[in-house]
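Enquirer: So you can see what is in the structure, the chains are spelled out below.
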Amino acid sequence: MAKDIKDLGWNELIPGAALFSFTEPVEDVAEVPMDERPYAPTNSHQYSVGDWRVEKPVFNRDLCIDCQFCWVFCPDLAILSRDKKMIGVLYDPCKGCGICVEVCPTNPKSLLMFPEQVDNEEALSKWPQKDEKKK
Amino acid sequence: MTKKIKNLKEFSLSNDRYEGGNLMCPGCSHNIIVREVLNATNDPVIVATATGCLEVCTAVYPRTSWDVSWIHIGFENAAVAIATASAAYEVLKRKGRLPEATQKMVDEGREPKFVAFAGDGGTFDIGFQSLSGAFERGHNFMYVCLDNEVYANTGGQRSSSTPIGAATTTSPAGKVSYGEKMMKKSMIEIMADHGAPYVAQVSPSKWKDLVKKVQKGFEVKGPVYINAQSACTTEWKHAPEDTIEVSDLGVDSCVWPLYEIINERDEHGIIYSTKLNITYRPKNKIPVEEYLAAQPRFRHLFKPENRHIIDLWQKAVDARWEYLQKREEAGV
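Quick note, the sequences are listed as chains Z and A, same order. The numbering of the first sequence is the working numbering, which starts it at 1 and goes up by one. The numbering of the second sequence is the working numbering, which starts it at 1 and goes up by one.
A couple of the hints might just be wrong.
[What the hints assert, rightly or not] Covered stretches of chain Z (chain A as the covering partner; in silico rule of three or more C-beta atoms under 8 Å from a C-beta of chain A):
(1) 21-28
(2) 35-45
(3) 48-58
(4) 80-88
(5) 99-112
(6) 117-125
The hints are simulated quantities; they were obtained by calculation from the structure and are not laboratory data. Where a beta carbon is used, it is the ideal one built from N, C-alpha and C, also for glycine.
Generate the whole structure from the sequences, applying the supplied hints.
Expert: This is the structure we're talking about:
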């Protein structure tokens, strides 16, 4: 592609064209981790839906037990997990649905929703304490 | 080659071949199902998608969310498109004319998998004749129906999958009506009666069950039908974060029993034996009322004049659960 897709006007796009996921052929996609793939500008990976959110999930590493529930149930691949360890939330694909918070099994939860304008560090300092079990 | 997945941590080593940044609603089950299905194997996958939410939102020009070979095809013919791709592959393989990279993978025992995704509109109603035809001819592919019980993409019209009492835009609930009048059609039995070697119902919230069934489906030769429960935040009207909870309620109340039907059939389509297995039994079978209460599309059923529909629901679900258990016991 000669021009970057971001610089193209709507009338310069070719309707009905095949879209390429990568800039060069990738032989075995399942073996290549996401951050090593040569994503093409036409891949939605390069696109941000982060502005859909009203609230964002904030991740607290200290409480996480790496159960990976958030990874498997995240509809938008916004949970970054490497080598069986949960690393964090990607805020570009995250639409703020809150499933990750709902399925988090720790007490207190290691993922919580905070308003979009709150800083992550500020959110971490406001983390709730452990709930005592009700008898 | 079957991918070894012992637990969720091992599963999380999978490299997704489906991308974020797509335009599905926040909290949509479709994405979860597609991810689980694609991550169930490391072999190359070829996907066809019928018109529906999944197709519309993952391929908004000029962007694509698929890292696998993918084709968008009409409502009617997703099954035919994928069956044709599968047949073309068989011919190329027989003639030894596969591309080098593919041939290498096939030699390693990593045969490409053919998967079609379609919504319940594209499966139960519009795509049924081509689906039936492809199953009758016995091509080697998997058909996954993302069953959200409504035409969600076009504004929530009823489909033949919509269950009794649900309010949709073409079966609205109000003073004179309690919503949809018919119980949903039993697609799984219909597909099993086509002589498909493997047919199953899955729920995204039970990921291990889903992955196991998909892997089984990839292994058998012949057409495979998977009916996936897909909670729809927009049309079932629950909060986006409750998707998994609602799915769980559906499974635990036996509204969505998780089971599989295995047909032993030969290449002429003769069925020698049929076996039904229930793969998940809820420890405490919860009343259907709880499942209905979680979804505002059934809100009107809780008015005194509509209460009898909830009783009807419970009766229908109990009868069905009883039927499945009897079939499993009898081994037919």
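Enquirer: Does each hint fit the structure? Answer for all of them.
Expert: Each hint, compared with the structure:
Against chain A, the segment 21-28 of chain Z contributes 5 residues with a C-beta closer than 8 Å to a partner C-beta. That satisfies the three-residue criterion, and the hint holds. Beta-carbon proximity to chain A at under 8 Å applies to 5 residues in the segment 35-45 of chain Z; the threshold of 3 is reached and the given coverage holds. Judged by the Cβ-Cβ criterion of 8 Å, the segment 48-58 of chain Z is covered by chain A as claimed, because 3 of its residues qualify and three suffice. Residues of the segment 80-88 of chain Z with a Cβ under 8 Å from some Cβ of chain A number 3, which satisfies the need for three, so the listed coverage holds.
Counting residues of the segment 99-112 of chain Z whose CB lies closer than 8 Å to any CB of chain A gives 4, so the stated coverage by that chain holds, three being the minimum. As drawn, the segment 117-125 of chain Z meets chain A at 0 residues by the rule of a beta-carbon pair under 8 Å; below three, the given contact is violated.
Of the hints listed earlier, the one the structure fails to meet is number 6.
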